[in-house]
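Note that the protein sequences, when read in sequence, are chains A and B. For the first sequence, position 19 matches number 19 in the working numbering, and the numbering has no gaps at all. For the second sequence, position 246 matches number 246 in the working numbering, and the numbering has no gaps at all.
A hint or two may mislead.
Here are the simulated BS3-like pairs of lysine-lysine, each with C-alpha atoms no more than 25 angstroms apart in a straight line [what the hints assert, rightly or not]:
| id | chain 1 | residue 1 | chain 2 | residue 2 |
| --- | --- | --- | --- | --- |
| 1 | B | 283 | A | 52 |
| 2 | B | 395 | A | 58 |
| 3 | A | 8 | B | 403 |
| 4 | B | 552 | A | 8 |
| 5 | A | 178 | B | 552 |
| 6 | B | 283 | A | 51 |
Please keep in mind that the hints were generated in silico from the structure rather than gathered at the bench.
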Amino acid sequence: MVNVTSPKRTHIQQLESEAIYVMREVASQFERPVILFSGGKDSIIMVHLAKKAFAPGKIPFPLLHIDTGHNFDETITYRDWLANEVGAKLEVRYVQDSINEGRVQEETGLNASRNALQTITLLDALKELQIDCAMGGGRRDEEKARAKERFFSHRDMFGQWDPKNQRPELWNIFNGRKNPGEHFRAFPISNWTEMDVWQYIAAEQIPMPSLYFSHTRPVFRRQGVLLAATDFLRPMEGETLEEKVVRFRTVGDATCTGAVESIASNIQEIIQEVAAARITERGGRNDDKRSEAAMEDRKREGYF
Amino acid sequence: MSTAPEQEAIAPFVDANYLNMDMLRFSTAGSVDDGKSTLIGRLLYDTKSIFQDQMEAIETASARRGEEYVDLALLTDGLRAEREQRITIDVAYRYFATPRRKFIIADTPGHVQYTRNMVTGASTAELAIILVDARNGVLTQSKRHSFISSLLQIPHLVVAINKMDLVDYSEEAYESIVKDFEDFAAKLDVHDVIYIPISALLGDNIVNKSEKMPWYNGPTLLHHLEHVNVGARRNLIDFRFPVQTVLRPNWEYRGFAGRVASGSVRPGDEIVVLPSKQTSKIKSVDGPEGPLDEAYAGDPVVITLEDEVDVSRGDMITRRNNMPNIGNVVEAYVCWMHDTPMEQNKPYVIMHTTKSAMAHVSNITYRIDVDTLHREQTDQLQVNEIGLVEIVCAKQLAFDQYKNNSETGSFVLVDPASNVTVGAGMIRGASSTVLDSPGEREAISRDVVWEPWNVAREEREARNGHPGSVVWFTGLSGSGKSSIAKELERRLFERGAQTMLLDGDQVRHGLCGDLGFSNEDRDENIRRVAQVARLFFEQGNLTVCTFISPFKKERELARSLIAEGRFVEVFVDCDLEECKRRDPKGLYKRAMEGKIQNFTGITSPYEAPTNAEIVIDTASMSVEEAVEMVIRHLDGAGLLPKAN
Numbered sequence: 001m002v003n004v005t006s007p008k009r010t011h012i013q014q015l016e017s018e019a020i021y022v023m024r025e026v027a028s029q030f031e032r033p034v035i036l037f038s039g040g041k042d043s044i045i046m047v048h049l050a051k052k053a054f055a056p057g058k059i060p061f062p063l064l065h066i067d068t069g070h071n072f073d074e075t076i077t078y079r080d081w082l083a084n085e086v087g088a089k090l091e092v093r094y095v096q097d098s099i100n101e102g103r104v105q106e107e108t109g110l111n112a113s114r115n116a117l118q119t120i121t122l123l124d125a126l127k128e129l130q131i132d133c134a135m136g137g138g139r140r141d142e143e144k145a146r147a148k149e150r151f152f153s154h155r156d157m158f159g160q161w162d163p164k165n166q167r168p169e170l171w172n173i174f175n176g177r178k179n180p181g182e183h184f185r186a187f188p189i190s191n192w193t194e195m196d197v198w199q200y201i202a203a204e205q206i207p208m209p210s211l212y213f214s215h216t217r218p219v220f221r222r223q224g225v226l227l228a229a230t231d232f233l234r235p236m237e238g239e240t241l242e243e244k245v246v247r248f249r250t251v252g253d254a255t256c257t258g259a260v261e262s263i264a265s266n267i268q269e270i271i272q273e274v275a276a277a278r279i280t281e282r283g284g285r286n287d288d289k290r291s292e293a294a295m296e297d298r299k300r301e302g303y304f
Numbered sequence: 001m002s003t004a005p006e007q008e009a010i011a012p013f014v015d016a017n018y019l020n021m022d023m024l025r026f027s028t029a030g031s032v033d034d035g036k037s038t039l040i041g042r043l044l045y046d047t048k049s050i051f052q053d054q055m056e057a058i059e060t061a062s063a064r065r066g067e068e069y070v071d072l073a074l075l076t077d078g079l080r081a082e083r084e085q086r087i088t089i090d091v092a093y094r095y096f097a098t099p100r101r102k103f104i105i106a107d108t109p110g111h112v113q114y115t116r117n118m119v120t121g122a123s124t125a126e127l128a129i130i131l132v133d134a135r136n137g138v139l140t141q142s143k144r145h146s147f148i149s150s151l152l153q154i155p156h157l158v159v160a161i162n163k164m165d166l167v168d169y170s171e172e173a174y175e176s177i178v179k180d181f182e183d184f185a186a187k188l189d190v191h192d193v194i195y196i197p198i199s200a201l202l203g204d205n206i207v208n209k210s211e212k213m214p215w216y217n218g219p220t221l222l223h224h225l226e227h228v229n230v231g232a233r234r235n236l237i238d239f240r241f242p243v244q245t246v247l248r249p250n251w252e253y254r255g256f257a258g259r260v261a262s263g264s265v266r267p268g269d270e271i272v273v274l275p276s277k278q279t280s281k282i283k284s285v286d287g288p289e290g291p292l293d294e295a296y297a298g299d300p301v302v303i304t305l306e307d308e309v310d311v312s313r314g315d316m317i318t319r320r321n322n323m324p325n326i327g328n329v330v331e332a333y334v335c336w337m338h339d340t341p342m343e344q345n346k347p348y349v350i351m352h353t354t355k356s357a358m359a360h361v362s363n364i365t366y367r368i369d370v371d372t373l374h375r376e377q378t379d380q381l382q383v384n385e386i387g388l389v390e391i392v393c394a395k396q397l398a399f400d401q402y403k404n405n406s407e408t409g410s411f412v413l414v415d416p417a418s419n420v421t422v423g424a425g426m427i428r429g430a431s432s433t434v435l436d437s438p439g440e441r442e443a444i445s446r447d448v449v450w451e452p453w454n455v456a457r458e459e460r461e462a463r464n465g466h467p468g469s470v471v472w473f474t475g476l477s478g479s480g481k482s483s484i485a486k487e488l489e490r491r492l493f494e495r496g497a498q499t500m501l502l503d504g505d506q507v508r509h510g511l512c513g514d515l516g517f518s519n520e521d522r523d524e525n526i527r528r529v530a531q532v533a534r535l536f537f538e539q540g541n542l543t544v545c546t547f548i549s550p551f552k553k554e555r556e557l558a559r560s561l562i563a564e565g566r567f568v569e570v571f572v573d574c575d576l577e578e579c580k581r582r583d584p585k586g587l588y589k590r591a592m593e594g595k596i597q598n599f600t601g602i603t604s605p606y607e608a609p610t611n612a613e614i615v616i617d618t619a620s621m622s623v624e625e626a627v628e629m630v631i632r633h634l635d636g637a638g639l640l641p642k643a644n
């Protein structure tokens, strides 16, 4: 995205440069970093940025996917294609294995989800693979707790974050020093907004999984959220299965990722929808969308 | 690239307007009572960046807590501890965009850890909004905020005079605050200050022009934020490339990855690797999408070199004729950020560009009281204190003054026991202590070991009967510099001072006869004369220099070589049209005919000084009056022999 004729740089170019700088710092300051890959748009652009950061070389660290077992098929297909495409090693760890080993207990009840369980599987995987820095696609505009997150975020021996005791981060100097057993989370796209992400996807023509575009699928409504009917999630009594034209604004665990009714079938229409959603939400009318956003937040909290 | 599975066709849609926006990072500081939250809320709300339901929720919550104002902190105080204690602990980042620009606000809390957070937020800001309550005038907190903004070299300040509705939108109230602030700002190193009378609560002059203040003709706050020049922090002159990591995808390719910290670079440029001083040429500058013709400050690139030279992380690639300082002793302002105080001779790790080294603080020159700007003696710095210190590093650093280059002039200190970041530093202009240390400023001749002067300057000064000093005249060609300087030197000589006059035309014939007028040659010209001026200074002379010296950077270089208080910059201010009319040497005419290239004022810029000790307005002053003015200043500063 570098314009060779003038020193002027747009905000997207500056954000891209910042993300690349942070990724190269991670590669330099740590011995065994990974990119946490969820199949969502943020982790997709993370992989895209990593590819740019180390070109003409290959991405010098693996992608780690914590698989809840409740994925859309499209996510898995896309994940495998992408890892192969960029020539990165793909590590997958399964929540199901953690359940089988008795490390975690499956939730029961109406809103049972493997969302929270992922954290244990993730921490176990980091330990097993001796990962000292896990990069995520978290953004500060996503939720309140993230607004104060650092680019380089320290985790203690137990993988815990101490938000009251964060290291000050100044200029472009990132302090990744740590004691043995501790690790870091790094967030190269901290300063991006949802709109920046979509505009970047459009400008860079990054291929996206089909789930993000409108399609027809069987869904049912639970507590205001449209959920896709899958092998592991069926409507209960009183919930009606219906065919709807939907798309997903976020892609993650299928048991808690809500769909939105949408006819946005290309990036341009998605961008218009994202822009319009603000107005709708500002009016405080559309309950579906708000609940869906809350669901995204919960996923983030569990994941990170 | 192969086709993604089930990939939807991506229409080649690019929102050109969105993608062409630039970005402004600004900082705000203060507490709820200043109306800061109301102001930010107003900006976010009026730019449709927060939603109605969010706004209503925090309005309700604020009312429930019995607060007079909407406490916007409720939006971002996401840390449990913050909500429980109802304090903001940390810098919060907020985002909004208008069709012109994207904005990142570093919002720093008002009371707890004020200085530490303010410094953090200011480190990347290009503009600071300083809130002043129109009823209370310029208080300590505004002064503290301004001082930190000046220390961190934030290029633009906005003094937002808030709550104008509570002083009946009075022009007098506004004018009186502007005057108070100007008096205070005169002590600071601030360049661009604008004063906007607002009411954040009612929206006056935030987005729309206030009808209540017809006497105010300036921009609204948002208009200013959207139009202020961005990129002032970016140094586009001095090429500096700290190497982040080495890429070796195959045996043929060995690239040095990093971000251009400042300046620009092209294939073919002759470079030197620091600190090893190996030289080579740039073979290619590769961007993420392939080779580039040129990369500028901020661009992420991979550089390959013509020769096999040993380069690794922490090294810096620069140009042969424009090198930073190299040395292991730096003098810097340090803001202390940790509860355990900074102590002398305790080991710390310094992180500077991409390099880390062990270091210790060898001397604390003074501490600055951020409220009064007084300097105090101390042997340690407590948390939230700022001091001028000298740091000795175990490795050689390649650094610039923070003023000229925040990328290569900044560093953090880390406690090696806890690995926590404990201090933030800004490298100051090389002081006399630093200059006289071995290993410092090797740019001149790399193999010469620095020897202290044989006879100390103080001894020479005692014999001369007056201190050594440098009086540096700058101004356009034809502004009258030389006439004033010649008359000045004659008067000072007659008064018994040891004097010397260094004149642009003169050195161009001898010392700098090999140089032309490209920007690089101009830099070199000034570097040489600045060094000569320094020699005369060390000899105890009252040295009068007269050079167009159009660039701020080169005048700063000259200043940095001379002891504090001994460098007097005189800006001979003359309108360009008037200079063209006078044109004593016929140079403007030839420049305008294209016969002279890079002529200051015609085809090359003149950066007018903003912090000169003396400004001479030639439109209203005769040569005689100007000379009198300079002599009065020198007398007042104790730089002249006693009058007979």
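Cross-check of the supplied hints:
no.	hint	result
1	B:283 / A:52	holds (20 angstroms)
2	B:395 / A:58	violated (32 angstroms)
3	A:8 / B:403	holds (22 angstroms)
4	B:552 / A:8	holds (22 angstroms)
5	A:178 / B:552	violated (41 angstroms)
6	B:283 / A:51	holds (22 angstroms)
Comparing the model with each numbered hint stated earlier shows that hints 2, 5 do not hold.
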